[in-house]
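Protein chains: 2
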Amino acid sequence: MGATRARIAVDAMGGDHAPAEVVTGAIRAKAELGVDILLVGDPDQIYAATPQPGNLDQLELVPAEGTIAMDEEPLSSLRRKPKASINVAMDLVKRKRADAVVSAGHSGAAMAAALLRLGRLKGIDRPAIGAVFPTVIADKSVLILDVGANVDCRPKFLEQFAVMGTIYSRYVLGVEQPTIGLLNIGEESSKGNDLAVRVHQMLQENPAVPFIGNAEGRDVLSGQFDVVVCDGFVGNVLLKFAEAVGEAVLNILREELPQGLRGKAGTMMLKPNLRRIKQRVDHAEHGGALLLGVAGIAVISHGSSQAPSIFNAIRLAKEAVDHEVLQRIQAQYQKVAMPAADGE
Amino acid sequence: MGATRARIAVDAMGGDHAPAEVVTGAIRAKAELGVDILLVGDPDQIYAATPQPGNLDQLELVPAEGTIAMDEEPLSSLRRKPKASINVAMDLVKRKRADAVVSAGHSGAAMAAALLRLGRLKGIDRPAIGAVFPTVIADKSVLILDVGANVDCRPKFLEQFAVMGTIYSRYVLGVEQPTIGLLNIGEESSKGNDLAVRVHQMLQENPAVPFIGNAEGRDVLSGQFDVVVCDGFVGNVLLKFAEAVGEAVLNILREELPQGLRGKAGTMMLKPNLRRIKQRVDHAEHGGALLLGVAGIAVISHGSSQAPSIFNAIRLAKEAVDHEVLQRIQAQYQKVAMPAADGE
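If you're matching them up, the sequences are chains A and B in order. Per the numbering used here, residue 1 is the first one in the first sequence, and the count goes up by one each step. Per the numbering used here, residue 1001 is the first one in the second sequence, and the count goes up by one each step.
Chain A extracted, bound-state conformation:
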């Protein structure tokens, strides 16, 4: 694929600011990234939301009807709405008309649509959702997976997450020598619940995983790890907790900083600095979620995404296509004899 242009199917109808912000991000990506965009959604709404509709000429419009709302149950809604934008986008990948999907819609629906339409990669028992978090080191992020697709995991699922996380970190997030950690409650290999103790040993023995040890809660955002694997229950709790803590801190700042006359004056002076702080703290402005292990590339942007996040998500999708991550994961499972998971 390397030599051809990546073709990205963008779900124009997914997210709080769809279609306007999605379309803006997609138009910019087309202009700057050298990708082909297939914009999936309701053409009337897309045209109405585009200030300069002439820009749409560069994009291919693929009609779809409706979308899956955030409060809808994924599976039944996907079945009831076969022409929903996320279904149509996944079908484009299935029919090899596109190489990847980008959506800011319902992440559970996107995962379910990917599974129903594209299926799993060979060798992968359970796909995972990976979330990219900022760390305390500016410009360094950490990929955490699984953040919610699999709430009860066997050891080998986490081992597969680690293999896929390594490949995504290297080829999509651009980390040359990624370091992989296992979320746990202590540093020693004997620490943790049954699952963690068993996974620790498997990761140590797997040559495809540059495992550097356990990551405690306090290490997750330290910048020391490029990838942290965990089961989807813990990962989801952590993801939602992190988002809420970010918001909570910003609320405390808003409440306390302007207290008193000096507070008001000082806060005025600090406006640009506070904006930078908000950007660093606010998870919504960062990355997005990657679906790993489905037989297609899919990047799920945050529901509150505006054009820059959509642009960024398209960039991630392009990296994944250009660097052939799916083929690399497949190759891993053909050449490496995976250590058999005990208890299986």
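FYI, nobody ran anything at the bench for these hints, they're computed from the structure. There's no promise every hint is true.
SDA-like, lysine to any residue: derived pairs with alpha carbons at most 25 Å apart [what the hints assert, rightly or not]:
no., chain 1, residue 1, chain 2, residue 2
1, B, 1271, A, 280
2, A, 240, B, 1271
3, A, 278, B, 1191
4, A, 271, B, 1247
5, B, 1264, A, 263
Away from chain B, derived, C-beta distances all over 12 Å, residues of chain A [claimed, not checked]:
no., residue
6, 17
7, 28
8, 30
9, 212
10, 232
From a predicted model like this one, the values you see are computed outputs, not experimental measurements. By construction, the Cβ of each residue, glycine as well, lies at the ideal position given by its N, Cα and C atoms.
Take the given structure of chain A and dock chain B to it, following the hints.
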């Protein structure tokens, strides 16, 4: 007990700022709270660290030799050092010379010493460590348990955590009508891993638990729940993550706020407001950990505790003694026929 003065054994040697800050906190507690203090530690070091040794006359000194360092393995160290301050303090409770223990030392060692010396309460399968977190609502906290004592839990353990958490919230933390939540990845009763689904149903059916439903990661610090129960693996990850996030945010503030000339000037003007923000964000200044389910009252203050935290921990211990929480937990397990845990 209600009419008599609570007798609190204070581990003078535990924590980063022991014995000086511990002694200062204990002296203040003696003066202000109407409690009797048994100060456990090395008398020479205690006297040397006390600016006005005359203040020690009001306290009873109980000699001990050594302490368990933060990097020591709890069980073997406790056995090797029978006269370590935490062992001596627990023994005072065992011999009914004290009603409660307060320590800022190694929390794992405190838990192990409590189990070895005092044992479990009748009806409690596994004691838990409860941590008090600040919430986004000023002056409202949330008790999270277990944060690390039990990494693999059966459903009935979490049910017992909920019963004990309810009693501690009401009688120690002073919440008249506590609301209890189960840490989970969705609101619906069907959501979660096997453990969460089963515990959800047990909590709904338990009349001793004012259960209001699942708490997602984003709800933990919302102030909506007074108690959140979870297994010790997830709880420990969350606790350490929360502490690190607090520090990370304060670091970002320190880095970004004073950028540029206006930034420096504005930051100067905001000094008192920033101090308040630090207090609200910094977990170390809050609560501490409660050991729930052991046959004695124990409050573990943060290792970095200074005198105000020690004072606060002694106040919590006094509340627990005055309100007879152990007797209340026991009563719960004598009068309520607990629903049998399936899978046992």
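Each hint, compared with the structure:
1. With a C-alpha separation of about 22 Å, the suggested pairing of residue 1271 of chain B with residue 280 of chain A holds against the 25 Å cut-off.
2. Pair hint residue 240 of chain A plus residue 1271 of chain B does not hold up; C-alpha atoms about 31 Å apart against a cutoff of 25 Å.
3. At most 25 Å may separate the alpha-carbon atoms for a hinted pair to count; residue 278 of chain A and residue 1191 of chain B exceed this at roughly 32 Å.
4. Between the alpha carbons of residue 271 of chain A and residue 1247 of chain B the distance comes to roughly 22 Å, so the proposed pair stays at or under 25 Å and holds.
5. Under the criterion of a C-alpha separation no larger than 25 Å, the hint pairing residue 1264 of chain B with residue 263 of chain A is consistent with the structure, at around 14 Å.
6. For residue 17 of chain A, the non-interface assignment is confirmed: its Cβ lies about 21 Å from the closest Cβ of chain B, beyond the 12 Å cut-off.
7. At roughly 27 Å from the closest C-beta of chain B, the C-beta of residue 28 of chain A stays outside 12 Å, upholding its exclusion from the interface.
8. For residue 30 of chain A, the shortest C-beta to C-beta distance to chain B comes to about 34 Å, beyond the 12 Å cut-off, and the non-interface label holds.
9. Consistency note on residue 212 of chain A: stated as away from chain B, and its beta-carbon is indeed over 12 Å from all of that chain's, at 18 Å minimum.
10. Interface exclusion of residue 232 of chain A from chain B breaks down, the closest Cβ pair being 8 Å apart, not more than 12 Å.
Violation of the numbered hints given earlier is confined to hints 2, 3, 10; the remaining hints are satisfied by the structure.
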